[in-house]
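Guided by the hints, dock chain V onto chain W, whose structure is given.
Note that the protein sequences, when read in sequence, are chains W and V. Take any residue in the first sequence, count from 1 to its spot, add 98: that is its number in my numbering. Take any residue in the second sequence, count from 1 to its spot, add 14: that is its number in my numbering.
Worth flagging that the hints you see were computed from the coordinates, not collected in a lab. Treat the hints loosely; a few may be bogus.
Here are the simulated DMTMM-like pairs of lysine to aspartate or glutamate, each with C-alpha atoms no more than 20 angstroms apart in a straight line [unchecked claim]:
hint : chain 1 : residue 1 : chain 2 : residue 2
1    : W       : 163       : V       : 50
2    : V       : 51        : W       : 167
3    : V       : 51        : W       : 164
4    : W       : 163       : W       : 228
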Amino acid sequence: MSINVNPAQTGQPLFYVLDEHAHPEGASTMLGFWIYLMSDCLIFAMLFATYGVLGGNYAAGPAPKDLFDLPLVAVNTSMLLLSSITYGFAMLAMQRTRIAATQVWLAVTGLFGLAFVGIELSEFRHMIHEGATPQRSAFLSSFFTLVGTHGLHVSFGIVWLVTLMTQVWRHGLIEANRRRLMCLSMFWHFLDVVWIGVFTFVYLLGMLR
Amino acid sequence: MAHGEITLSGYLTGFLLSAVLTAVPFYLVMSGVLGDKQVTAVVIMAFAVVQIVVHMIYFLHMNTSSEGGWTMMALIFTMVMVVIALTGSLWVMHHLNINMMPAHQMGAMQ
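With the rest of the complex left out, here is chain W (with noise of 0.2 angstroms):
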């Protein structure tokens, strides 16, 4: 559509455009879902800043080094670590197209993903059976809310990773698959820098308290 604005003073029709121009196809996805990672980092942000606050308050009931086994907190991080190599080595086999061992790293990333979540509910099945549970006290509450969100984002990357290999499988490194993988890759990455917190002010502050 264009309209024609003030013919008059020179005799010749001005236009401006109101058409659309083009957006090629997924053009603003990576800075659209970086924005999306952004937003995630403040929920992460609130949720540390719940537990600072509240992370002191016992309620005379178990306290971090009460609780906190520093060894298996240890194994967990470096699982986070290593999945995010894998999924380096992932990213580095879509660049050269080889589907092959494109999925091999995933499938070794996903690995790593569910061993770190296995540890992670082991780690609370413990706890609420030692009778830390949430409601236990404010320090627990904020505690579960803080590690319970990181763990299920990763869940959540977990089934996003393998139905990225299902797409992979089908329809092979087609553009948009690729771009699935990268914003995949930055969730996963991003993950890795929530943890980087969490081990610290949740895990090694706790037992410094």
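Okay, now just chain V, sitting in the frame of chain W:
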């Protein structure tokens, strides 16, 4: 990648740096070699900040030019919000805790 070039050496560098930056804080807390808890806390927080920057550069491939600089703008805006929310909450609630007298002391004063 939308955020800069991806290379094998970049990922390996990031991984090695992250492994060291993770292992050292765990060692410091588990062994207690620094003695003073306050010093240990400051040191491990510094390690966390450095490791976050390492992840941003080597894994998330952040730079100032990708997407016309808009990813960096969004990141800076988010960081400002995060710092305000975190320090603001801790600061205000810390003072609230100090100024609120526990109920049993309140009773003793009457």
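Going down the list of hints, with the structure as the test:
1. W:163 / V:50: It holds: about 17 angstroms lies between the C-alpha atoms, which stays within 20 angstroms.
2. V:51 / W:167: With Cα atoms ~18 angstroms apart, residue 51 of chain V and residue 167 of chain W stay inside 20 angstroms; holds.
3. V:51 / W:164: holds (18 angstroms)
4. W:163 / W:228: holds (14 angstroms)
This entry satisfies every hint, going by the numbered hints stated previously.
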